[in-house]
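Colleague: Chains as they are written, first to last, in this note's numbering: chain X, 2 to 412; chain C, 2 to 412.
Treat the hints as calculated values from the structure; they're not laboratory data.
Quick caveat, the model's predicted, so the values are computed rather than measured.
Among the hints, a few may not be true.
Note: identical chains are not told apart, hence a pair may lie in one copy or across any two.
Below, in silico cross-link-like pairs of lysine-lysine (DSS-like), each with a Cα-Cα straight-line distance of 25 Å or less [to be verified]:
1. K344 with K40
2. K288 with K198
3. K297 with K318
4. K303 with K317
5. K157 with K318
6. K157 with K22
7. K288 with K193
8. K318 with K303
9. K344 with K16
10. K297 with K60
11. K318 with K411
12. K202 with K397
13. K397 with K204
14. K198 with K366
15. K397 with K22
16. K303 with K288
17. K159 with K193
18. K16 with K204
19. K318 with K296
20. K198 with K41
21. K366 with K253
22. K303 with K344
23. K317 with K297
24. K41 with K344
25. K318 with K16
26. K198 with K297
There are 2 protein chains.
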Amino acid sequence: MIYLDHAAATPVSEKVLEAMKPYFSDEFFNPSAAYLPAKKVAHNYETAKGVIAHAIGAKASDLIITAGATEANNLAFTAILDGQISRSAPRPAGPSARAAGANSCAAALRNAPSQDICPVLYLSTEHDSVRRVAEQCGGQEIDVLPNGLVNLDDLKAKITDETELISISLANNELGTIQPLAEVAAIIREIKLDRLKRGVKTKLLLHSDASQALNLLDINVARLGIDLLTLNAAKIYGPKGVGALYVSHNAKLKPLTLGGGQENGLRSGTENVAGVIGFAKAIELAKEHLNGNRKKYSTWRKALLAELQGYELINKKHSLDSFVVLCYNGIDAERLVFLLEEKGVYVATGAACAASKGVRSHVLKAIGLSDEQIAGSLRLTLGETNTEEQVYEAAKIINTVVRQEQNRLKN
Amino acid sequence: MIYLDHAAATPVSEKVLEAMKPYFSDEFFNPSAAYLPAKKVAHNYETAKGVIAHAIGAKASDLIITAGATEANNLAFTAILDGQISRSAPRPAGPSARAAGANSCAAALRNAPSQDICPVLYLSTEHDSVRRVAEQCGGQEIDVLPNGLVNLDDLKAKITDETELISISLANNELGTIQPLAEVAAIIREIKLDRLKRGVKTKLLLHSDASQALNLLDINVARLGIDLLTLNAAKIYGPKGVGALYVSHNAKLKPLTLGGGQENGLRSGTENVAGVIGFAKAIELAKEHLNGNRKKYSTWRKALLAELQGYELINKKHSLDSFVVLCYNGIDAERLVFLLEEKGVYVATGAACAASKGVRSHVLKAIGLSDEQIAGSLRLTLGETNTEEQVYEAAKIINTVVRQEQNRLKN
Numbered sequence: 002m003i004y005l006d007h008a009a010a011t012p013v014s015e016k017v018l019e020a021m022k023p024y025f026s027d028e029f030f031n032p033s034a035a036y037l038p039a040k041k042v043a044h045n046y047e048t049a050k051g052v053i054a055h056a057i058g059a060k061a062s063d064l065i066i067t068a069g070a071t072e073a074n075n076l077a078f079t080a081i082l083d084g085q086i087s088r089s090a091p092r093p094a095g096p097s098a099r100a101a102g103a104n105s106c107a108a109a110l111r112n113a114p115s116q117d118i119c120p121v122l123y124l125s126t127e128h129d130s131v132r133r134v135a136e137q138c139g140g141q142e143i144d145v146l147p148n149g150l151v152n153l154d155d156l157k158a159k160i161t162d163e164t165e166l167i168s169i170s171l172a173n174n175e176l177g178t179i180q181p182l183a184e185v186a187a188i189i190r191e192i193k194l195d196r197l198k199r200g201v202k203t204k205l206l207l208h209s210d211a212s213q214a215l216n217l218l219d220i221n222v223a224r225l226g227i228d229l230l231t232l233n234a235a236k237i238y239g240p241k242g243v244g245a246l247y248v249s250h251n252a253k254l255k256p257l258t259l260g261g262g263q264e265n266g267l268r269s270g271t272e273n274v275a276g277v278i279g280f281a282k283a284i285e286l287a288k289e290h291l292n293g294n295r296k297k298y299s300t301w302r303k304a305l306l307a308e309l310q311g312y313e314l315i316n317k318k319h320s321l322d323s324f325v326v327l328c329y330n331g332i333d334a335e336r337l338v339f340l341l342e343e344k345g346v347y348v349a350t351g352a353a354c355a356a357s358k359g360v361r362s363h364v365l366k367a368i369g370l371s372d373e374q375i376a377g378s379l380r381l382t383l384g385e386t387n388t389e390e391q392v393y394e395a396a397k398i399i400n401t402v403v404r405q406e407q408n409r410l411k412n
Numbered sequence: 002m003i004y005l006d007h008a009a010a011t012p013v014s015e016k017v018l019e020a021m022k023p024y025f026s027d028e029f030f031n032p033s034a035a036y037l038p039a040k041k042v043a044h045n046y047e048t049a050k051g052v053i054a055h056a057i058g059a060k061a062s063d064l065i066i067t068a069g070a071t072e073a074n075n076l077a078f079t080a081i082l083d084g085q086i087s088r089s090a091p092r093p094a095g096p097s098a099r100a101a102g103a104n105s106c107a108a109a110l111r112n113a114p115s116q117d118i119c120p121v122l123y124l125s126t127e128h129d130s131v132r133r134v135a136e137q138c139g140g141q142e143i144d145v146l147p148n149g150l151v152n153l154d155d156l157k158a159k160i161t162d163e164t165e166l167i168s169i170s171l172a173n174n175e176l177g178t179i180q181p182l183a184e185v186a187a188i189i190r191e192i193k194l195d196r197l198k199r200g201v202k203t204k205l206l207l208h209s210d211a212s213q214a215l216n217l218l219d220i221n222v223a224r225l226g227i228d229l230l231t232l233n234a235a236k237i238y239g240p241k242g243v244g245a246l247y248v249s250h251n252a253k254l255k256p257l258t259l260g261g262g263q264e265n266g267l268r269s270g271t272e273n274v275a276g277v278i279g280f281a282k283a284i285e286l287a288k289e290h291l292n293g294n295r296k297k298y299s300t301w302r303k304a305l306l307a308e309l310q311g312y313e314l315i316n317k318k319h320s321l322d323s324f325v326v327l328c329y330n331g332i333d334a335e336r337l338v339f340l341l342e343e344k345g346v347y348v349a350t351g352a353a354c355a356a357s358k359g360v361r362s363h364v365l366k367a368i369g370l371s372d373e374q375i376a377g378s379l380r381l382t383l384g385e386t387n388t389e390e391q392v393y394e395a396a397k398i399i400n401t402v403v404r405q406e407q408n409r410l411k412n
């Protein structure tokens with residue numbers, strides 16, 4: 002098997018599973034319990050959060066653990082509410098907690114929000130978990146350039162005094178395109194200064210989904226100027242069902258769910274201890290091998306591009322080294338996926354979730370590809386399950402299958 | 002170590018972890034991916050959901066997998082919205098999905114809900130994850146009798162034509178009290194008939210949190226007349242961070258988070274495959290050992306009550322066999338927890354989450370205990386980590402510690 006779909010899912014690495022194991026058995030205690038073994042579990046949980054936070058230049062108290070990137074992205078958008086719970090607030094307890102609003106009190110949603118009360122801008126190529134929430138909030142799309150990068154002029158033109166949140170992923174999940182977030186942050190800083198001068202009190206926050214980039218880029222939230230950052234364990238050889246949202250001092254969130262008041266009252270529910278321990282180990286390993294992996298994937302990417310034939314390269318520049326997005330004109334990529342699978346090579350046509358719904362990729366459309374080009378597009382994403390040998394073998398198999406398909410279409 | 006806090010947390014059983022393991026490594030694929038190994042994972046995930054559903058007399062398609070009981074409880078309350086997404090609706094995709102409302106579009110919550118638009122009744126002894134949401138919705142408490150059972154007269158008196166949702170846990174998390182849900186359902190049926198006659202179109206749903214009861218009671222949603230049932234893997238020797246909400250045909254929910262449209266569009270995010278596989282194995286084992294365990298815990302409970310000295314029994318009747326809630330008048334239970342811990346016996350003073358916040362238990366207050374009684378209350382919950390020997394040993398240690406403490410107080 003040659004697995005080239007690491008952007009869709011990664012196996013849990015052995016070291017991660019080893020780190021998790023004790024927390025399934027001996028260290029199974031509820032972190033909220035009063036006795037010492039439980040307090041030790043609570044301590045280890047916080048330490049693990051610290052490790053995750055440290056990897057992005059933050060502190061444990063800056064992180065809200067979630068069940069994955071989707072929940073983290075959804076949680077980030079609660080920042081556009083008039084936050085009643087500060088991230089540094091103590092756990093809500095007793096009657097005063099009753100005042101703390103939660104999205105889960107669904108009654109308020111009987112009357113759907115109108116287009117003009119959710120001042121959100123989001124990149125047109127964002128993942129569905131950002132797009133759908135942003136759409137709900139009447140958010141406006143920021144255009145991308147044909148190279149997949151955010152159109153900074155379009156961004157500047159669309160920011161108004163009502164804009165409160167801008168959401169741009171660190172690296173795109175279909176193309177791997179790394180966005181110039183530091184430049185976006187600089188624009189935001191300017192606008193905030195200007196607002197200050199003019200006495201406009203609306204806050205302006207930058208949210209970024211870093212799911213795909215966490216193990217391939219050196220991320221520092223302060224240096225990048227990010228207020229809200231989405232993290233995902235499942236894409237970096239950690240367990241599925243675990244993610245986190247980094248929350249800066251500037252952002253005040255509201256919980257999506259209410260209950261025991263865990264995660265500073267912003268995400269109730271007994272802590273997924275094993276999951277978070279695994280996440281910490283995964284991020285630790287990722288950081289340890291960051292440079293080595295980047296070099297490796299960069300070499301393999303070049304090898305793939307040299308060995309493969311008859312393709313058009315879609316993500317030419319500004320991409321994560323592990324992403325190779327190709328277009329075979331006139332060929333149905335869905336058939337290619339099927340034919341490659343028969344030869345033990347697993348690839349994707351677009352984002353896994355979009356692909357399974359039979360919807361044309363909005364990302365490839367946004368960068369200006371024609372319907373035919375989109376239909377002929379393959380996404381290969383390299384990862385830790387691969388070897389150099391596999392890369393050459395995959396190129397050979399893909400070339401053969403594409404040739405067969407081209408011949409079939411000729412006849 | 003003698004662990005008597007199984008209501009707070011249970012270790013993942015060996016068989017459960019064995020069942021999960023392949024899904025961390027070889028079977029790690031994203032269930033939404035297009036190739037066969039991923040489809041196999043998707044199939045196994047659905048099969049596991051079927052096993053969980055079957056255990057409560059339901060089908061896989063009736064379940065929404067969540068990150069635990071707290072999220073499931075929160076999700077249940079979205080049923081009081083004018084649900085726009087039916088549980089049987091296909092995954093939202095494309096522009097039409099934009100109309101599907103989500104709680105996560107927080108904008109609508111700028112204006113907090115008023116007391117009169119959330120027609121919810123909930124038992125006064127519910128867990129915080131029900132209480133907080135219900136409070137947010139302006140919900141009204143249903144009283145309990147001194148024995149911990151729902152006061153059915155109070156329930157009947159409080160149901161109005163505006164009541165849409167009644168939330169009563171199957172078994173209480175501090176007392177183990179098993180509620181007469183079939184009787185509640187019968188009352189609801191009568192009211193629905195009456196509403197029908199009078200042309201009142203408001204729906205009336207019964208939600209129940211079965212977190213504590215799942216491995217100790219034989220549950221059948223149809224027989225019990227339940228519309229929404231909360232399940233939790235972490236309390237039945239499955240992994241933390243996995244739960245589910247059973248949703249009947251009568252109930253229409255709205256998602257708490259938006260994204261890729263997993264779980265029928267009601268709970269987006271890549272599926273926690275390993276977690277759900279583990280949940281299924283845990284529930285399978287629980288059902289297999291249901292009768293044996295009940296008999297065992299019943300015997301052990303009697304042994305504890307016979308061996309222990311100088312206590313007042315709080316949960317005299319109608320309780321799960323594994324719960325023993327005691328009161329030692331004039332003694333500080335928090336000190337007892339500490340002293341017992343020193344001798345290797347781990348118990349709780351109340352619900353783990355309430356206990357750690359230093360808040361007096363609202364449950365013990367609701368059944369009419371005085372502050373002094375509450376301060377002297379211990380919760381012992383039996384489970385699979387225990388042996389008969391441990392039960393007798395624990396009784397001996399508790400007796401000794403209580404005697405010492407009584408002597409200390411005398412001097």
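Colleague: Hint by hint, which ones does the structure fall short of?
Modeller: 2, 6, 7, 9, 10, 11, 12, 13, 14, 15, 18, 20, 21, 25 and 26
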